[in-house]
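Chemist: With chain A fixed as given, assemble chain B with the ligands onto it according to the hints.
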Amino acid sequence: MISAHVTTPKLVVSWIALLVLTFLSFGSSLLGLGEAELFIALGISVVKTFVVLFIFMHLVEQRFANRLIVILTFLFIVLLVTLTVADPLTRKTFPPRPDPAASPYP
Amino acid sequence: MSQATIDAETRPDPLGVGADHPDYLRADSGLRSWLLTKDHKRIAIMFYVGVILFLGLGGIFALVLRTELLTPEQTFIDANTYNQMFTLHGITMVWLFMIPAIPTVFGNFVLPIMLGAKDLAFPRINLASFYVYVLSAIILLGAMVAGGADTGWTFYVPYSTTSPTAVTWMGIGIFVNGISSIMTSVNFIVTTHTMRAKGLSWHRMPLFVWASYATSIIILFATPVLGMSLVLLALDHAFGLSLFNPRYGGDPVLFQHLFWFYSHPAVYIMILPSFGVISEVVCSFSHNQPASYRAIAYSSLGIAFIGFFTWGHHMFVAGLSEFDAGVFGALSMFVAIFSAIKVFTWVATLRGGSISFATPMLYFLWFLFLFVFGGMTGVAVATQSLDVHWHDTYFVVAHFHFIMVGGTLTAFLAAAHYWFPKMFGRLYDERVGLLTSVAVFIGFVFTFLPQFLLGNGGMPRRYFTYPARYQWLNVLSTGGAWLLGAGLILALGNLVIALKWGKRAGPNPWGSRSFEWITASPPSKHNFEETPEIERSAYEYTLSEEVARERAKAR
Ligand code: HEM
Ligand SMILES: [Cu+2]
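Protein chains in written order, with the working numbering: chain A, 1 to 106; chain B, 1001 to 1555.
Quick caveat, the hints were computed from the structure, so don't treat them as lab data.
Incorrect hints may have been included.
[What the hints assert, rightly or not] With beta-carbon atoms standing in for the labels, derived distance ranges:
hint: 1; chain 1: A; residue 1: Phe94; chain 2: B; residue 2: Leu1492; range: 51 to 59 Å
hint: 2; chain 1: B; residue 1: Val1145; chain 2: A; residue 2: Lys92; range: 24 to 32 Å
hint: 3; chain 1: A; residue 1: Phe76; chain 2: B; residue 2: Tyr1159; range: 25 to 33 Å
hint: 4; chain 1: B; residue 1: Asn1245; chain 2: A; residue 2: Arg91; range: 15 to 23 Å
hint: 5; chain 1: A; residue 1: Thr73; chain 2: B; residue 2: Val1231; range: 16 to 24 Å
hint: 6; chain 1: B; residue 1: Thr1154; chain 2: A; residue 2: Phe94; range: 33 to 41 Å
hint: 7; chain 1: B; residue 1: Tyr1159; chain 2: A; residue 2: Glu35; range: 29 to 37 Å
hint: 8; chain 1: B; residue 1: Thr1071; chain 2: A; residue 2: Phe94; range: 38 to 46 Å
hint: 9; chain 1: A; residue 1: Glu35; chain 2: B; residue 2: Asn1245; range: 16 to 24 Å
Treat the numbers as computed from the prediction; the structure is a model and nothing was measured.
Glycine included, every Cβ here is placed at the ideal spot set by N, Cα and C.
If we strip away everything but chain A, and leave its shape as in the complex, we get (with noise of 0.2 Å):
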């Protein structure tokens, strides 16, 4: 079941794209968009992955089983990456414990 070819067309193409999102990310950096800036970087790497993974590494050419591993690996890192930010994030859900040395056995 091969359903695509990478040709050269298209590779050039998606090695603009590369180009073009390396210039972007590079670009947001300029404008001060505080937090946001990590995500945006993120988000634009994560694509840029992909094109490397689908056009480079011929992954469009492979069976779905193929495919199904790297996305399988994907969801690892999104697994590895949620669990771990939710960390940081959910550290003052509680109300703070009570310090012992402040009150100590009566």
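Modeler: Chain B with the ligands alone, transformed into the frame defined by chain A:
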């Protein structure tokens, strides 16, 4: 005398598939034919030598630790040496013994034969995996000589970034070691998919193959994360990258997230292969099909999957948010469900079987008891409210040694005895085997059971002195460690003696139905001349041995 040996003496079956060809040990001779071999069986033997050497080295470190803890004050080494010893013990045992041990030795040897294949899918990568392992061992040994490490095997920041020891080189050595693991696991996955014999469908495969397959998947997904974390740490240690330093906006807890994202799955890398061994042993020695083949096979995959969702239970008191702690605590319980499914299925397999008591079977019983004990305490320490008290005490040390030594090392010994006739064509002395097995068990219990009491009583881990009230339990533990060491040396001696003086083994001394036993002992260089035709599962004990052989036709 045990049933199995009687079987071996009376069954008139001197041949096996490939017996008319020279066996793999004699097919070629000379050092070159070993060092450049692409035969999975010879590579397995080379790995065998390697992991046994490192088991010995790690064991020496352990005996130094335990001997120091014989008395409450300093016994014979200083605090710094003690820190070095527990770090080197951990690193050696985890990466140079425990992780490679069962896959690269027994997996390499029996997995292709179980599948009816002549070799693994990529024999050259298999050999490369061995040399990469040797390279990592050389780097790690070099780092041990040039400064060692005193951070503990977990390399926690911030201390590890400023430790004056050879942390960077340790990181590099472990990184290289990971490459070797990945090479072997890719090989296993591809071999299982593409090299199965005619008629050998997934549900006819021996359960050891399922366990090796699940292990390989974890290795493939988790190991790169370890590599990445250690590179970051090495950059920090060598060049002051400060990624985990709050002063520059970093977070030291991030390192623990990254480390345990690998290392919790890594504990399943260490235990899953032994589940595979145990499944083979329990079926072969109770001459019975598994109570539920699918339960055992799929729970391996379940463990591989859920093992990725639980890493935070190592960080309950490291500053992890209460929310994350709750999520991780709850997810951790699922692992216990899958493990329990396995345990119950093994026990149920004994029912109605005709059990023969040989050394591997005895190791199975020890495994069952110790693994359940270790797993139950795992659930206990995964309960946040309890772990606040037990974290970083000897209770945790006891928990993981019950699983890693009581589980994996026991299964390694079971495998070493179970496949010994296949690997070397000889029978070891069964009486000595049983006796050493008992010594190992008693030594183990004396070493680690007191550590639960010590931890619960409040003795912290990683200190070289302790209050005098803990002494009697520590003395028991140290005495147990010496007995355990002696038991292991005797068990090894028994096998080494059998290499030369053991009675010749037929192709199938245990009366097993698994496919590796249809070949000659030891197998010929190519295992099979033609791909075998398989018309039964690996556990058809209702068939007589003749009929079973007929339904797994091979030349
Ligand atoms: C039933 C499944 C298991 C559960 C729920 C579990 C849970 C835990 C928890 C919560 C800890 C952290 C305790 C603490 O530091 O305070 C821990 C530590 C540990 N466990 Fe387990 N565990 C399980 C199975 C295993 C297995 C199968 C292995 C190894 C083969 C293992 C090896 C370890 C190791 C090495 C540590 C200590 C790491 C360190 O801090 O040096 N565990 N376990
Ligand atoms: Cu864990």
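Chemist: Indicate, hint by hint, whether the structure satisfies it.
Modeler: Status of each hint after checking the structure:
{"no.": "1", "hint": "Phe94/A with Leu1492/B: 51 to 59 Å", "result": "53 Å, holds"}
{"no.": "2", "hint": "Val1145/B with Lys92/A: 24 to 32 Å", "result": "47 Å, violated"}
{"no.": "3", "hint": "Phe76/A with Tyr1159/B: 25 to 33 Å", "result": "29 Å, holds"}
{"no.": "4", "hint": "Asn1245/B with Arg91/A: 15 to 23 Å", "result": "18 Å, holds"}
{"no.": "5", "hint": "Thr73/A with Val1231/B: 16 to 24 Å", "result": "18 Å, holds"}
{"no.": "6", "hint": "Thr1154/B with Phe94/A: 33 to 41 Å", "result": "27 Å, violated"}
{"no.": "7", "hint": "Tyr1159/B with Glu35/A: 29 to 37 Å", "result": "31 Å, holds"}
{"no.": "8", "hint": "Thr1071/B with Phe94/A: 38 to 46 Å", "result": "44 Å, holds"}
{"no.": "9", "hint": "Glu35/A with Asn1245/B: 16 to 24 Å", "result": "21 Å, holds"}
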